[in-house]
Amino acid sequence: MSNASTNQETVHKVSFLNKDSLHIPILRILQADGTPHEGAVLPHIDEALAKRIYDTCVFTRVLDERMLGAQRQGRISFYMTCTGEEAAIVGSVAALDDKDVILAQYREHAALRYRGFTTEQFMNQMFSNEKDLGKGRQMPIHYGTAALHYQTISSPLGTQIPQATGVGYSLKMKGERNVAICYFGEGAASEGDFHAGLNMAAVLKAPVIFFCRNNGYAISTPTAEQFAGNGIASRGVGYGMHTIRVDGNDMLAVLAATQQARAYALEHNAPVLIEAMTYRLGAHSTSDDPSGYRSKDEEAKWREHDPVKRFKLWLINKGWLNVADDDALTERYREEVLAAVKVAEKVPAPRLDEIIEDVYDVPTDALKKQLESLKAHVAKYPQAYPKTSGRL
Amino acid sequence: MAEMNMLQAINSALRIAMEKDPSMLVFGEDVGHFGGVFRATSGLQDTFGKGRCFNTPLTEQGIAGFANGLASNGTTAVAEIQFADYIFPAFDQIVNESAKFRYRSGNEFDVGGLVYRTPYGGGINGGHYHSQSPEAYFTQTPGLKVVVPRNAYQAKGLLLAAIRDKNPVVFFEPKRLYRASVGEVPEGDYELPLGKAEVVREGKHITLVAWGAQMEIIEKAADMAEKEGISCEIIDLRTLAPWDVGTVAESVKKTGRLLVNHEAPLTGGFAGEIAATIQEECFLYLESPIARVCGLDTPYPLIHEKEYMPDALKTFEAIKASVNF
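Chains A and B, in that order, give the protein sequences.
Residue numbering for the first sequence follows the numbering used here, beginning at 1 and increasing consecutively.
Residue numbering for the second sequence follows the numbering used here, beginning at 1001 and increasing consecutively.
In case anyone wonders, no lab produced these hints; they're calculated from the structure.
Please read all numbers here as calculations on a predicted model, not as lab measurements.
Just so you know, not all the hints are guaranteed correct.
Unchecked claim - Under 10 Å between C-beta atoms, here's a sample of chain A residues computed to sit facing chain B:
| # | residue |
| --- | --- |
| 1 | Leu103 |
| 2 | Gln151 |
| 3 | Thr165 |
Said to hold, decoys possible - In the EDC-like style, the derived pairs of lysine to aspartate or glutamate whose C-alpha atoms are separated by at most 20 Å in a straight line are:
| # | chain 1 | residue 1 | chain 2 | residue 2 |
| --- | --- | --- | --- | --- |
| 4 | A | Lys174 | B | Glu1317 |
| 5 | A | Lys368 | B | Glu1273 |
| 6 | A | Lys368 | B | Asp1021 |
| 7 | A | Lys368 | B | Glu1280 |
| 8 | A | Lys342 | A | Glu331 |
| 9 | A | Lys205 | B | Glu1273 |
| 10 | B | Lys1166 | A | Glu357 |
| 11 | B | Lys1166 | A | Glu331 |
| 12 | A | Lys369 | B | Glu1273 |
| 13 | A | Lys174 | B | Glu1202 |
| 14 | A | Lys309 | A | Glu130 |
| 15 | A | Lys369 | B | Asp1244 |
| 16 | B | Lys1050 | A | Glu357 |
| 17 | A | Lys369 | B | Glu1280 |
| 18 | A | Lys205 | B | Glu1029 |
| 19 | B | Lys1196 | A | Asp365 |
| 20 | A | Lys368 | B | Asp1244 |
| 21 | A | Lys369 | B | Glu1281 |
| 22 | B | Lys1254 | B | Glu1307 |
| 23 | B | Lys1196 | A | Asp361 |
| 24 | A | Lys369 | B | Glu1250 |
| 25 | B | Lys1166 | A | Asp361 |
| 26 | B | Lys1166 | A | Asp365 |
Said to hold, decoys possible - Label pairs and their computed distance ranges (CB to CB):
| # | chain 1 | residue 1 | chain 2 | residue 2 | range |
| --- | --- | --- | --- | --- | --- |
| 27 | B | Asn1096 | A | Lys368 | 46 to 54 Å |
| 28 | A | Ala147 | B | Glu1191 | 28 to 36 Å |
| 29 | A | Leu374 | B | Tyr1285 | 23 to 31 Å |
| 30 | A | Arg177 | B | Asn1096 | 26 to 34 Å |
| 31 | A | Ala379 | B | Glu1191 | 39 to 47 Å |
| 32 | B | Pro1057 | A | Arg303 | 30 to 38 Å |
| 33 | A | Tyr381 | B | Val1182 | 57 to 65 Å |
| 34 | B | Gly1127 | A | Arg177 | 46 to 54 Å |
| 35 | A | Arg351 | B | Ile1303 | 56 to 64 Å |
| 36 | B | Ile1303 | A | Leu374 | 28 to 36 Å |
Don't be surprised by glycine CBs; every beta carbon is placed ideally from N, CA and C.
Looking at chain B on its own, in the form it has when it is part of the complex:
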């Protein structure tokens, strides 16, 4: 074990994966000698050479298309999209190509060895174009896996699993936690399962579900609720596609209440999908309407970031409203 922040944990995962898989390449804008704007790929070019860790021209659609081509020919490809806000030029290559490569060819070809890493989310004074959480655009695309880690330990284990998974994965990294999340992380190789949620705290009165950077927000809200005598069960979804219905449903059958929190805007967000499924699975167990504490249906505002955010206080209020319904 060593103390690492999330960037160091991601860097460690990439290094281990590249050591064990000689075909694996890491590339994107500024990821080469410079090590990426957040330094997630720091030192990889020195170790593995310019052929395996390198800068690309400034073209997200090109990065994604190139990644598809590499993976289709059996090369493991880890592409960095510098900010999730800039993933949209690559949308066609991800949604129409990566996601459908296996299906459309009847499994003659696939791009299973492909991961898109991209920092997402707000809380860093980044305004509209350095703060978005676009995960729900991808969860509606069959063929993609969508993964979001909540801390350094999770980031390393989930990234190693994502790289070795036989399906294309979009791996959203909560950039607000890149340096803020520090914890004990094994120096060696380990994987955490994709498609499995984790109950991080057991409770009795309400289930709180989130992922990524919002996990610390709902944990804080749960602490506040506990002082009022409300016991919260907390679940980190970890993988949004395919998501672990069983773990959430089992918890809601126990607590009778559900709150989902995400940073992305409310309408069309992934909380809606969770709410719809859970009311089907747990209809007769529900004691109150499923609550969604999410971003506003506005672009991400710079000066009003604090007001926009589905923070601990808003979550705490929603917990009380649900329990007192």
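Excised from the complex, chain A in its bound form:
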């Protein structure tokens, strides 16, 4: 007997399936030298799109390099880079409409830059100053902006996954021709929210692109200690979802897969799972030291597969980039970021009154009472609370 959810074929001898029963190839378009594989079907890309993608990559590299330095100098408390994963992030966001809703994990600031987040906005968030859209309430890199349809980052892993299903369903019910994209790592895919979110999206038919950055490590834990199955992609098939595995260091492969995923999601009101195979070239965060769990040789090997370099070679081959312009761009962004740091770190912290705002739509009586009592205390001991005592 079998219910309607499975096929009806029967066999009469014991035969188990295993992780290799499902054959999942990796989509790769660009070769290491930046030329397309023979027979490769390229994504839709013109010079303007290619330049927007490349510009985002250069900015992100510079931002990561400079802010890592700023953290080491003690100017900001924390930082995370997306070095090594730029193709996965920028290649996917570039396949979307700018109104498609992004629910990111935390390492996707390149997508935010692609949408137009300014250097000043990045800095205001990282320095928790009064111009930060998030009012200085979260650790550095927890960006969010309604104007760019990029939901604010939440530290707990995987919570954005079932939320993306809700956003996708909401977009469908409103009749908007947009999708949600949900980024997460292969480690977060072990959370219960992953199962909940993907299963619900498939059952409830929500137009969502679930984009897994399989970068090899969840902090120190390698994939072999994270799951025993055939990557993350094999699970998508189990949920009855269109699924693809791509070379996450190949900008054109990611772009092609995401463009087609988006078209499918909109046409069928259905989710798609993309597993991008990539590598986190940097540490997990500034609080992490990878030398304790992986070798320099391994890192060097992956550095040879630098996703930005491969895309750059393709651009040069196409005649859309020359080396002199490229060097000038990097230099310009270095100066821009450095100047923005100097400005942002001098902007004061949000006023103390903001501490009770946005808990509810309007502060409760109890909150107002607590604020008054706190202000009186800070006024009494101003030296102990220098961030706010000067502007009570």
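Since the structure of chain A is already known, use the hints to place chain B on it.
Okay, now just chain B, sitting in the frame of chain A:
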């Protein structure tokens, strides 16, 4: 006006809210065609279609995460968690996500259009996992509103207000009263205020505070006390977060005594919060220690349900002890 039980009143509230707000969705386990295991969503799928009232897979964390996503994108979301005992897989999505959505984003995003409806409480021979009253886990989370109605009329008016409130609300429904609480309920649209307690009976000697299903227990205890010449003032807190300190404090300043009753275990229960605040507000007015008549600090026991419960008799004894202190 029509005679309705609490389920019919809740169903009526959902129907009215869905008619007036075309974006509103109702979902959860078995809530679709079947109308929910208690039938609170009965007939909604027939009227509004499978797109707006539907079953979800069996995953409370998924239901809550999905609800957060809907509300973050401007869709009104009313999620049912089939029993409050099963809300814990959704705890992270409620406590770390719903409650902090607005604050953490600096008001760039919010999930104000979200209500979690969930039946709570004992008295139905439900044992550990169909009887709990987990409200205090949520009252300690800034960003959430926590509401508990005491009868059919209150349930409809408070639920309509909760759905339209601009903050996420956890709405605990006393399942023991689902069919037992029958009364006159307006057929049309009305709201009762969140964050406001109600003095349901005026009295002189002691203030009794409860919410939800325990309201009828303290009313019964007050009747017993009245025969002994003790006059009780009875307050239904209705909203636990944010709670109406003013109404309770004003009453205690008049009576000089306070008793709080809840079904949840004593330790860490919301009665402790009320007692601490009232002793601050009313210290010089108090004639006796603030009494708490609550569940035992045990899991909810099936066979000893009657003994576990903070019933009218236990409340009556505590009233006498307070007055004779």
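Exercise for the section: Tell me, in ascending order, the numbers of any earlier hints that this structure violates. Expected result: Structure breaks hints 4, 6, 9, 11, 13, 14, 16, 22, 27, 32, 36.
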